[in-house]
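Peer 1: Here's the letter readout for the chains.
Protein chains: 8
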Amino acid sequence: MTKDELRELLKEYKRGAISDRAIIQKISSLTSELMGFATIDHHRYLRQGFPEVILCQGKSPAQAAGIAARIVRRSLLLLATRATKEHFLAIRKKVRNSHYHELSRVITANEPANPHKGRGTILVISAGTSDIPVAEEAVITARMLGNPVATLYDVGVAGIHRLLSQSEALLSASLVIVVAGMEGALPSVVGGLVDVPVIAVPTSVGYGASFQGVAALLGMLNSCASGVTVVNIDNGFGAGFAASLMNRPR
Amino acid sequence: MTKDELRELLKEYKRGAISDRAIIQKISSLTSELMGFATIDHHRYLRQGFPEVILCQGKSPAQAAGIAARIVRRSLLLLATRATKEHFLAIRKKVRNSHYHELSRVITANEPANPHKGRGTILVISAGTSDIPVAEEAVITARMLGNPVATLYDVGVAGIHRLLSQSEALLSASLVIVVAGMEGALPSVVGGLVDVPVIAVPTSVGYGASFQGVAALLGMLNSCASGVTVVNIDNGFGAGFAASLMNRPR
Amino acid sequence: MTKDELRELLKEYKRGAISDRAIIQKISSLTSELMGFATIDHHRYLRQGFPEVILCQGKSPAQAAGIAARIVRRSLLLLATRATKEHFLAIRKKVRNSHYHELSRVITANEPANPHKGRGTILVISAGTSDIPVAEEAVITARMLGNPVATLYDVGVAGIHRLLSQSEALLSASLVIVVAGMEGALPSVVGGLVDVPVIAVPTSVGYGASFQGVAALLGMLNSCASGVTVVNIDNGFGAGFAASLMNRPR
Amino acid sequence: MTKDELRELLKEYKRGAISDRAIIQKISSLTSELMGFATIDHHRYLRQGFPEVILCQGKSPAQAAGIAARIVRRSLLLLATRATKEHFLAIRKKVRNSHYHELSRVITANEPANPHKGRGTILVISAGTSDIPVAEEAVITARMLGNPVATLYDVGVAGIHRLLSQSEALLSASLVIVVAGMEGALPSVVGGLVDVPVIAVPTSVGYGASFQGVAALLGMLNSCASGVTVVNIDNGFGAGFAASLMNRPR
Amino acid sequence: MTKDELRELLKEYKRGAISDRAIIQKISSLTSELMGFATIDHHRYLRQGFPEVILCQGKSPAQAAGIAARIVRRSLLLLATRATKEHFLAIRKKVRNSHYHELSRVITANEPANPHKGRGTILVISAGTSDIPVAEEAVITARMLGNPVATLYDVGVAGIHRLLSQSEALLSASLVIVVAGMEGALPSVVGGLVDVPVIAVPTSVGYGASFQGVAALLGMLNSCASGVTVVNIDNGFGAGFAASLMNRPR
Amino acid sequence: MTKDELRELLKEYKRGAISDRAIIQKISSLTSELMGFATIDHHRYLRQGFPEVILCQGKSPAQAAGIAARIVRRSLLLLATRATKEHFLAIRKKVRNSHYHELSRVITANEPANPHKGRGTILVISAGTSDIPVAEEAVITARMLGNPVATLYDVGVAGIHRLLSQSEALLSASLVIVVAGMEGALPSVVGGLVDVPVIAVPTSVGYGASFQGVAALLGMLNSCASGVTVVNIDNGFGAGFAASLMNRPR
Amino acid sequence: MTKDELRELLKEYKRGAISDRAIIQKISSLTSELMGFATIDHHRYLRQGFPEVILCQGKSPAQAAGIAARIVRRSLLLLATRATKEHFLAIRKKVRNSHYHELSRVITANEPANPHKGRGTILVISAGTSDIPVAEEAVITARMLGNPVATLYDVGVAGIHRLLSQSEALLSASLVIVVAGMEGALPSVVGGLVDVPVIAVPTSVGYGASFQGVAALLGMLNSCASGVTVVNIDNGFGAGFAASLMNRPR
Amino acid sequence: MTKDELRELLKEYKRGAISDRAIIQKISSLTSELMGFATIDHHRYLRQGFPEVILCQGKSPAQAAGIAARIVRRSLLLLATRATKEHFLAIRKKVRNSHYHELSRVITANEPANPHKGRGTILVISAGTSDIPVAEEAVITARMLGNPVATLYDVGVAGIHRLLSQSEALLSASLVIVVAGMEGALPSVVGGLVDVPVIAVPTSVGYGASFQGVAALLGMLNSCASGVTVVNIDNGFGAGFAASLMNRPR
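Residue numbers (this note's numbering), protein chains in the order written: chain A, 21 to 270; chain B, 21 to 270; chain C, 21 to 270; chain D, 21 to 270; chain E, 21 to 270; chain F, 21 to 270; chain G, 21 to 270; chain H, 21 to 270.
In short, the hints are calculated from the structure, not lab data. Treat the hints loosely; a few may be bogus.
[Unchecked claim] With a straight-line cut-off of 27 Å between C-alpha atoms, the simulated DSSO-like cross-links for lysine-lysine are: (1) 31(F) - 34(C); (2) 79(E) - 31(E); (3) 34(H) - 31(E).
[As the list claims (entries may be wrong)] Some but not every residue of chain E turned toward chain D, in silico, with C-beta under 7 Å: (4) 81; (5) 82; (6) 86; (7) 89; (8) 170; (9) 172; (10) 174; (11) 212; (12) 230.
From a predicted model like this one, the values you see are computed outputs, not experimental measurements. Each residue gets a CB set at the ideal place from its N, CA and C atoms; glycine is no exception.
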């Protein structure tokens, strides 16, 4: 409720158009709206064209499909992550034009045809071939949110020339997402080369003392390169979402 | 070396102004400059007015002072973190107008008088009073890098109304740094209220099962709010630096 | 054996009604009864209408069914947790009117028709949809023990207004159980809003650095809200049981 | 603001006693009050006679003293934990009748002369002599909050008869706080003996594989006795506070 | 080779019965025998009637069966642990009278009909029903090694009277093996009651913060009862073997 | 109280020599005595000449001295571990002939002049020079409890011949305590050489990834040698005490 | 590009054979070549006859087969590790003479018929039978890289004479790879016996507190024997590769 | 004892020059010599000019000095690591020409004037300034063992051009030791650039989630570059010693 709407409400009350009880109840129920957040939250999604995202893991196909249907009805756009084939089969029944990205286990519907205006390119880099599924989750998320995205895969630090020979791609990016497992060293190297924000995504790729991504996570948190921030292990979605927020034109 | 400079060099060579051996040595030594990164890196600092930052921890006062003197000679600006009083006493002898921020253990010199143009306000929030030293490290870093900074301290989640009553400050920020120890829950709440990037800084504040900040770190990495990225425990500097990169006008 | 009973025994012995050997054996066997605990323990269950609870995990269906039959014979009431379908099939053969709660993997029989008198409402809150199975384990446990229970699901901190708009439910609860995975921040927020005991239940919901519930557990143990106590990861039963003890009328 | 107050406000507005702008501003600023929580929170403290508690650790003596002075002015009662002698010296200057409990490092002022009415006895048990400082923190907290408290110290499980011989104290308690380091087994034994809530407090007492209280914490979280809830390592205050909430007459 | 045998050898050499080269080779090859250990090791098994034990985990059924056949040929006795049904099927083909203990996953052949002389009773206690498989591994191991064994199952600390009522069994044991998962508190209680060695075996029984037996292991290592030693998680065999060594008549 | 004593009591009661109230109180107070444990416990110490042991860590010098005085009055023998010089100064005032073993930080009084009869030699082995303080704690404990003790120091696995050349000492030991830090490999080697129980004591000697003894602890728990049991890190006392129990003549 | 080639290029430019633009582009594109590494890297593989190695884990059979085909075309030699049967079936279609080593899950093609000249023997030792798959990965890697390899399996420290009796094999090795799970003590013993480099490979063999190889890893990192270096858990390939580098004739 | 010496001994015995008892005792005492290891071990040190190294940590100054004196008497050369000033003062009294390297806390005496013949250069690289003390420990160790050493300090991955511009130093090294704290990424980059063995040394430099070097250690163990082996955190000595073994001419 805007101040204008509140003014109208009060005027109606003054001229007797609404009762004492009605206006008291209305104002009492403002609690969350008056906070400004819920309202703005709602407006933001409409304005940005992006509603709630479904984390399928831990939800049944039926639950996921039910939520998906409700979201698409309101906002058309659908993004569901960590989805199994079963989740997709259930969702497809309710959201006809939905699409399953098998590698990244993401379901989308109504991806924007073009990036939103005024946005720079988000560069998504992966250290190895096995990190690509997580990288792709970031790519699709960033695209769904209206960002132009470029990728540079399999350029890990053990063959540093692979990365160095791509200086043009690095230097033209608006911001960089670096996805790496094992020792997770790539974000430090990239962070030293570019002057834009770097979001580091550790992956669970590796074995033994990689401890399902802990080694990469610690490596990234301790990066000696300034400007690197980190998200959870395998959280390509989180990186893509944060990158999109950072990439909004001001 | 720019392409224009290279063109000049080659022309000089063509007209015999420089010898075979000289031009070969010059081009061979281009290695790092030709990579583009080192050069750009250098230009970037000059352009942004921000040189190397000194992490005093693990360095002797003499070492820190030597580096500080060299930095200030080239670029005037000085930022040194995790500095003891001893570090400051050594640096002050070489950098007269340097200043010691005792609470945050930061040394600065020649802080910019005004924020750089075109930058939004970075809001730094702390959960408790004990988190303020780390928050201040972020504040000073962001200010040194030319950003307008606002603060909101001691608004932890156990009294959520303290935060909610500050909706205006939250909603007008260009991006938010949230500093919290103990359970580290504040970034999740803030991340759900704003639509700008949130950088979460876990602190080592707490005891027992806080494990010197590990509980807060894990809480932040697992944040259910999208758009939250995380830096190392007590790394106020890293948060301030990353925030400044995200805050650059494009 | 009460002191009165002991007095009677001694009198009988004095008047020769029982032999030396008999009274010596009786007193010797008092060991555990004289401690008072075993006896009282037994009486307590009869009085409260609640016998032993079966943790099915690690027990074969046959073992679980055997124990269930014995319990029901003595006390009618049956509560078995972490039960598979196989456990249920075996138990159902011995306890006809038993019921399998699939979501929470709980088996019950003879649930009390109405809450016991003089008990306030236990409010069970879950942060997300995936936490509901654990929440339901707490709900069913608390109901079996005679408590009125209300629920509030999927009100995690990333959309804090969802919780805040339910102030009435929060403020009318006699005590609150908060079930949350990922960063486990919800109990801190709830603990700051209510003035009744809060029992926090971390769940293994999450991925990567959630470490199967460790992040949530640590978050809850370090809660900055006073009055929060914690149970084991995924231990909905324990929370429901402790809540019932706290909820007894005095 | 109560509904009655709101009704009054609206009436004044209707009869023109306050301007459009004034009433809009008032209603807008209700945000936090309308939530109900902040207000109630405030009332609760007044009603219970218990204000904010100061965690001195991480605060300077001056900061702690400043907060203490403000608290005592409003509510007389003062409770400050993890206080050093320096904290006390600073506080004593501002709060004359304050008292330093050296063993438990707690500062109090204006402790209630008698327990509040209608409250049962909280029994605080320690496993060893070295656990007493933490136990005392719980004792003082519970006393400050108006509870009658009894203690039973040095009755660890390695000499189980020490505990068993105290059945009367155990069975007459309204609820039990068990403080133990090393293997933290005592709460399980106590939990099996009593039918009231047990709050377990792990301590950092021990060495080697006790890992500063982690062994005790894990032991308590995995307690096979139902009805045991746990607080952070060495968190005597938290146990005392939670116990007091559980102990309120309904 | 004994000193007497060596003396004989030298005498033969002196009288020319064996060549220079032969005696030099013989002495050179004494290396391991002269150490005394290998020889004694060998004699010990023959004397005690107990050869090598097979840890089937990580070995193929064929490998296990091959080793088993060789062992039985030399010493009749067979003990193989952590065996699957497949291991048993392969072994049974080579060792006809072998037997598979399904609960404890142990394979035995030629178990001694009676305990060896002069040995006291080893009492094996389990905290819960789910700990019995590990307890049985200890029981069978101790029996194969010639010890009389008694058992006391499901007497965990949450119902301490179950244990206390068995004082006779406890006090007549020559040594006690205590098997417990979850918080692993039982060895501390038992260790405080008896004056014989207690071997504690943590099990992986439990969930959440039991961390597959780590909580129980830490609890046992930090036992406040003197005289408790610990073996690896789920290592019933190790406990049975060590107990047998401790139980040998001197 | 024995059955005979109980019979006497009852007879006295029967003939009126003691009142109803007196006999009831006596029987009620039997609780712990009737359990058999406390009584036996008490007798055991008298019989073995060994009372309670004081863990000084976490106790004030005054507390330790008070307990020491009480113990010595009853039983002469005194053993106090992890004692600082301050503990000793306080104890010496109350127990004149007490002695401080500086290296092992143990205080003793009235050490038995000769080992008890019928006991074999306990061999205490240390891997390195830095492990000797822990080894000495075991040595003194075992001596105080009446065992003959031999030592073999600085025979770690990196120079295995140092150990192998001591086969006589190894083979003549009744049981072996092996004290080792760093990788903790020595108990496995010793366990493979001897046929008596081996108690392994990990020490906190080492740096980096030794994690204050965790590496050694894990190494010992996973020992591939049968018959090895383990105590807490740096727990020389526990090893000495357990060894003494194992070493009692039967 | 060598200096000679650069000299030629410059001469051509001087005499006008190539344009300004062309030479500038050429020099700019030298970036990675001028670094020297990429070029040399390439030459090295050709010279040593060893190309890229495929880590199959995390790659689809099709991906692995595609890479394998490309590698073999260029360099004949193929080494692929952590390969499933599915990987092999896909690779065999593209690389006819490839071979699957089932035990070690390695795929090879065109293994060199004889070791390269001037290389000493690499001795690969395993502690147990279950460690052999990892040991074999090291063996095959070292053989593919042209090294003579000897093996010594199942000589763990619990029967140290098994190792000691093989002094000849130990002393004639050029360097030693020691593969061990459980407590990982073997490298320390071996490191104390030989005067050549020892590479320690922890394996995930074990259970309970072996934590999938962490116990062995820590044991090896803390080895008291000088000259021991360590690779990741189960990383037989890494050990074989590093050993081959160390074994190159200089 | 060589075979020739044994032959002589036997001959003497045959001709009666030595008694039965004497020869038997001699052969019995051969145990360790016959193993070959002890003897060779001894010879090796004499041959290489390098005796035992003293780890001062955990040893008293007097102990260290005693050992140092004995070593120097036999072999002149002295290397003592992790030495405090106190250790040095004690050693200097016994070993006059000893020298204290303050930065690396190493004590040496009689360092070889020139490197041994036939040895390539060991290159020691450090990521940061704070890693230099550990790097220097490696440098001094390698020099004492007769190796030529070169250094390259403060060339961490965040400014990768610093390393890349040193290709000559990298490519001419016989083997490389890389010392790095924080994320420990440098060995992966170096390992990808060179074709010689890389020994990685994690340091405890860093804060927060570096966990005293664990992050760096894990990063190095998971290095995606082949040919990297790892030593314990801060173990510069171990790296220098292993490097020297690898560097021996064959």
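Peer 1: Indicate, hint by hint, whether the structure satisfies it.
Peer 2: Tested hints:
no.	hint	result
1	31(F) - 34(C)	9 Å, holds
2	79(E) - 31(E)	48 Å, violated
3	34(H) - 31(E)	9 Å, holds
4	81	36 Å, violated
5	82	40 Å, violated
6	86	39 Å, violated
7	89	42 Å, violated
8	170	21 Å, violated
9	172	16 Å, violated
10	174	11 Å, violated
11	212	4 Å, holds
12	230	5 Å, holds
Violation of the numbered hints given earlier is confined to hints 2, 4, 5, 6, 7, 8, 9 and 10; the remaining hints are satisfied by the structure.
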